[in-house]
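Each protein sequence line maps, in turn, to chains D and F. So that you can map any letter, position 357 of the first sequence is 357 in the numbering used here, and since no number is skipped, the others follow by simple counting. So that you can map any letter, position 31 of the second sequence is 31 in the numbering used here, and since no number is skipped, the others follow by simple counting.
Where hints are given, some of them may not hold.
Stated by the list, open to error - Which stretches of chain D does chain F cover? Using the computed rule of at least three CB atoms under 8 Å from a CB of chain F, they are:
| no. | stretch |
| --- | --- |
| 1 | 18–30 |
| 2 | 198–209 |
Said to hold, decoys possible - A few chain F residues that face chain D, going by a derived Cβ cut-off under 7 Å, partial list only:
| no. | residue |
| --- | --- |
| 3 | Asp16 |
| 4 | Val17 |
| 5 | Asp19 |
| 6 | Ile43 |
| 7 | Asn44 |
| 8 | Ala48 |
| 9 | Gln51 |
| 10 | Ala72 |
| 11 | Ile74 |
| 12 | Ile76 |
Treat the hints as calculated values from the structure; they're not laboratory data. Each residue gets a CB set at the ideal place from its N, CA and C atoms; glycine is no exception.
Each chain is listed here by its residues.
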Amino acid sequence: MKELEYPFDSELILKRSKKLRRQLLEGRTDFLTKKIAVLGGSTTHDIIRVLELFLLNQGIRPQFYESEYAQYWQDVMFDNPELVAFAPDLIYIHTSNRNVTAYPAVTDSEQQVEAALEEQYGHFHVMWEKIAGKYHCPVIQNNFEYPFYRVLGNQEAVFLQGRISFLNRLNDRFYQYARAHSGFYIHDINYAAASYGLDKWADPFYWHMYKYAMCMPAIPEFAYNLSNMIKAVFGKNKKALVLDLDNTLWGGIVGDDGVENLEIGQETSMGQVYAEFQNYVKAQKEIGVMLNINSKNEYDNAVAGLEHPDGILRPDDFILIKANWELKSRNIQEIAAELNILPDSLVFVDDNPAEREIVEAQVPGTAVPAIGTPEQYIRILDHAGFFEVTSLSEDDRKRNDMYKANLARQKQQLSFGDYTEYLLSLEMKGTIRPFEPIYMARIAQLTNKSNQFNLTTKRCTQGDIEQFAADDRYITRYGKLEDKFGDNGVVSVVIGRKESAEECGNAAAEGPVAEVSAGTPALHIDLWLMSCRVLKRDMEYAMMDSVVAACEQCGIRTIFGYYYPTAKNAMVREFYGGLGFTKVWEDVDGSSKWRFDIPEPYEKKNRVIAV
Amino acid sequence: MSREEVFNKLNEVFRDVFDDEEINVTDATTADDIEDWDSLEHINLLAAVEQEFGMKFNMGQVVSMKNVGEMADIIISQI
Numbered sequence: 001m002k003e004l005e006y007p008f009d010s011e012l013i014l015k016r017s018k019k020l021r022r023q024l025l026e027g028r029t030d031f032l033t034k035k036i037a038v039l040g041g042s043t044t045h046d047i048i049r050v051l052e053l054f055l056l057n058q059g060i061r062p063q064f065y066e067s068e069y070a071q072y073w074q075d076v077m078f079d080n081p082e083l084v085a086f087a088p089d090l091i092y093i094h095t096s097n098r099n100v101t102a103y104p105a106v107t108d109s110e111q112q113v114e115a116a117l118e119e120q121y122g123h124f125h126v127m128w129e130k131i132a133g134k135y136h137c138p139v140i141q142n143n144f145e146y147p148f149y150r151v152l153g154n155q156e157a158v159f160l161q162g163r164i165s166f167l168n169r170l171n172d173r174f175y176q177y178a179r180a181h182s183g184f185y186i187h188d189i190n191y192a193a194a195s196y197g198l199d200k201w202a203d204p205f206y207w208h209m210y211k212y213a214m215c216m217p218a219i220p221e222f223a224y225n226l227s228n229m230i231k232a233v234f235g236k237n238k239k240a241l242v243l244d245l246d247n248t249l250w251g252g253i254v255g256d257d258g259v260e261n262l263e264i265g266q267e268t269s270m271g272q273v274y275a276e277f278q279n280y281v282k283a284q285k286e287i288g289v290m291l292n293i294n295s296k297n298e299y300d301n302a303v304a305g306l307e308h309p310d311g312i313l314r315p316d317d318f319i320l321i322k323a324n325w326e327l328k329s330r331n332i333q334e335i336a337a338e339l340n341i342l343p344d345s346l347v348f349v350d351d352n353p354a355e356r357e358i359v360e361a362q363v364p365g366t367a368v369p370a371i372g373t374p375e376q377y378i379r380i381l382d383h384a385g386f387f388e389v390t391s392l393s394e395d396d397r398k399r400n401d402m403y404k405a406n407l408a409r410q411k412q413q414l415s416f417g418d419y420t421e422y423l424l425s426l427e428m429k430g431t432i433r434p435f436e437p438i439y440m441a442r443i444a445q446l447t448n449k450s451n452q453f454n455l456t457t458k459r460c461t462q463g464d465i466e467q468f469a470a471d472d473r474y475i476t477r478y479g480k481l482e483d484k485f486g487d488n489g490v491v492s493v494v495i496g497r498k499e500s501a502e503e504c505g506n507a508a509a510e511g512p513v514a515e516v517s518a519g520t521p522a523l524h525i526d527l528w529l530m531s532c533r534v535l536k537r538d539m540e541y542a543m544m545d546s547v548v549a550a551c552e553q554c555g556i557r558t559i560f561g562y563y564y565p566t567a568k569n570a571m572v573r574e575f576y577g578g579l580g581f582t583k584v585w586e587d588v589d590g591s592s593k594w595r596f597d598i599p600e601p602y603e604k605k606n607r608v609i610a611v
Numbered sequence: 001m002s003r004e005e006v007f008n009k010l011n012e013v014f015r016d017v018f019d020d021e022e023i024n025v026t027d028a029t030t031a032d033d034i035e036d037w038d039s040l041e042h043i044n045l046l047a048a049v050e051q052e053f054g055m056k057f058n059m060g061q062v063v064s065m066k067n068v069g070e071m072a073d074i075i076i077s078q079i
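Modelling step: build the complete structure from the supplied sequences, incorporating the hints.
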């Protein structure tokens with residue numbers, strides 16, 4: 001919805017929130033439902049009201065638990081039964097400098113300041129530890145913004161007794177905790193306040209009248225930024241940038257003006273603006289955003305422009321360069337198809353409003369920010385938060401390389417007559433093991449990001465994944481795949497639940513369809529997913545072999561698979577059939593259950609990957 | 001701006017904020033007359049009124065304001 005896309009009109013959002021909410025709920029039904037507990041140290045009513053709009057717009061339908069006024073700490077520490085029963089998927093702790101109680105006095109000694117810091121930090125630390133033990137869900141915690149006045153003037157930041165010094169040190173302790181605990185994220189209210197303007201942000205009117213930590217008009221920007229973190233935690237980040245060239249990455253039109261006359265580099269003011277923007281785009285690549293070009297140009301001119309000696313981006317920074325005279329909307333669809341991602345994972349950046357409009361109309365879901373004038377490009381893209389980072393994995397840093405290797409594989413495929421011969425030529429090596437600590441984050445990320453090759457679309461937090469790994473009633477497998485072009489990283493995940501003795505009895509009672517001989521329990525596959533970047537590589541066979549081997553080890557002879565349809569996973573509707581399962585039942589909604597009796601001997605399905 | 005014009009604009013703001021096209025405010029309208037007008041919506045309402053008229057209420061005014069008529073008086077005195 002345009003009204004909720006950055007840059008937005010905050011006052012309009014505040015004023016029309018009821019109507020916007022109604023329209024959002026009428027507009028779609030395929031929401032991801034999430035329970036979010038908002039534990040406030042100040043009023044949270046309007047933050048929740050606006051946060052809901054932004055989350056709905058991102059495809060997440062939140063249910064909220066809202067603590068009573070300023071009860072954030074008590075709710076956690078004394079197990080408020082309502083909060084416990086709510087069983088949140090995410091806890092957001094909205095605290096601010098108004099909740100700091102242990103500020104040092106100007107006359108305090110260094111030791112007293114240290115003690116105050118410990119006391120204040122301890123208040124939060126004990127609460128986080130309690131949450132970690134009790135709720136096993138992601139936590140978003142605000143740091144502290146600066147106060148709006150300074151008794152010690154500029155020395156507030158220098159003297160240990162100064163409030164700014166105190167808050168900086170306290171914030172640093174928060175960051176240390178966040179670095180050491182995955183699933184714990186800091187929402188930077190200090191940056192939000194600075195970006196908005198501290199004097200306006202901290203208008204005491206709103207604190208004394210309503211006990212808001214910030215002024216009312218700042219709430220939409222604050223809630224928007226928070227919604228970006230939440231959508232990132234739940235795996236709804238964008239994945240790729242699709243960039244125009246002329247007047248987007250450089251000033252001028254390469255086909256008309258010639259490479260030598262483009263504005264890029266340190267010679268002119270406009271050249272500097274574009275160079276800074278190219279730098280920004282290049283940095284996006286380093287956090288795992290895939291870069292692509294979509295430009296109305298001759299291909300040779302596009303590449304010549306990207307080879308401009310004063311440019312920062314180079315042709316090989318991009319995965320796909322579509323420089324032609326096709327409709328940009330069509331190029332975008334092709335880019336999505338070739339990268340094996342959905343169009344709603346793309347962000348299209350173009351200075352020309354007409355091009356933006358055609359993409360917006362023809363490719364629903366693709367983000368098309370109104371990026372303004374060249375000197376505004378960075379701020380608008382940055383504040384829009386499409387690629388909000390929650391953690392940086394090795395995979396993120398190498399993503400561009402991996403996708404390029406994939407394209408090289410596709411090229412090679414063309415030169416082989418027989419597909420198996422091609423697969424063998426890739427010299428694939430698979431590693432398939434039970435979940436291991438170093439991959440927990442990546443496994444959780446995959447369960448939240450994979451939509452297409454995902455049989456049950458079960459979403460898991462890292463906490464859930466760790467629990468499955470530790471529970472011997474589950475068989476867990478992750479699969480990594482390497483080949484001669486590069487390492488694809490962890491690309492497949494399977495979680496199987498061993499049938500309990502009780503279920504075993506019930507199944508037998510269901511009659512011939514569910515007939516499992518008494519005493520030999522079955523395995524139920526609760527989750528099976530694979531990253532689309534390794535489609536058609538027989539990785540699913542290797543995973544199946546490993547699951548079967550694990551079953552054989554614990555005496556399980558029957559495997560049940562489930563398929564639950566979503567808007568995006570039609571490609572695996574017949575997946576189990578292809579593996580030799582037989583269909584037990586199929587619902588009118590398309591859900592189905594499949595059965596596989598492990599034959600003796602079981603013949604391995606994978607013949608091309610060395611495991 | 002005449003008092004009548006102020007009331008016309010106020011009416012639009014009320015309708016937007018409460019998402020109800022049937023609202024017609026008068027001098028005597030108070031929070032009791034509009035179902036969704038509670039203390040939390042009041043904050044939002046004031047922010048929308050301030051934006052519409054390009055003015056700001058101070059704390060003293062907010063705490064003493066009794067009905068829409070008084071709200072209109074404050075607005076007229078400030079624009």
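Verification of the hints:
1. Note: the stretch 18–30 of chain D has 3 residues with beta-carbon separation from chain F under 8 Å; the three-residue rule is met and the coverage holds.
2. Figure legend: the stretch 198–209 of chain D, annotated as covered by chain F; annotation consistent (3 residues with Cβ-Cβ distances under 8 Å, at least 3 required).
3. Of the supplied interface hints, the one on Asp16(F) holds, with its beta-carbon coming within about 5 Å of a beta-carbon of chain D, less than 7 Å.
4. Because the beta carbon of Val17(F) sits about 6 Å from the nearest beta carbon in chain D, less than 7 Å, this interface hint is met.
5. Proximity of Asp19(F) to chain D holds as hinted, the smallest CB-CB distance being about 4 Å (cut-off 7 Å).
6. The closest approach between the C-beta of Ile43(F) and any C-beta of chain D is roughly 5 Å, which is under the 7 Å cut-off, so the hint is satisfied.
7. Hint status for Asn44(F): holds, given a least beta-carbon distance of 6 Å to chain D, under 7 Å.
8. Interface hint at Ala48(F): satisfied, since its Cβ lies 4 Å from the closest Cβ of chain D, which is below the 7 Å cut-off.
9. Taking 7 Å as the C-beta cut-off, the interface hint given for Gln51(F) holds, the closest approach to chain D being about 5 Å.
10. Checking Ala72(F) against chain D by beta carbon gives a least distance of about 18 Å; that is not within 7 Å, so the hint is violated.
11. For Ile74(F), the shortest C-beta to C-beta distance to chain D is roughly 15 Å, which exceeds 7 Å, and the interface hint is violated.
12. Proximity of Ile76(F) to chain D is violated relative to the hint, the smallest CB-CB distance being about 21 Å (cut-off 7 Å).
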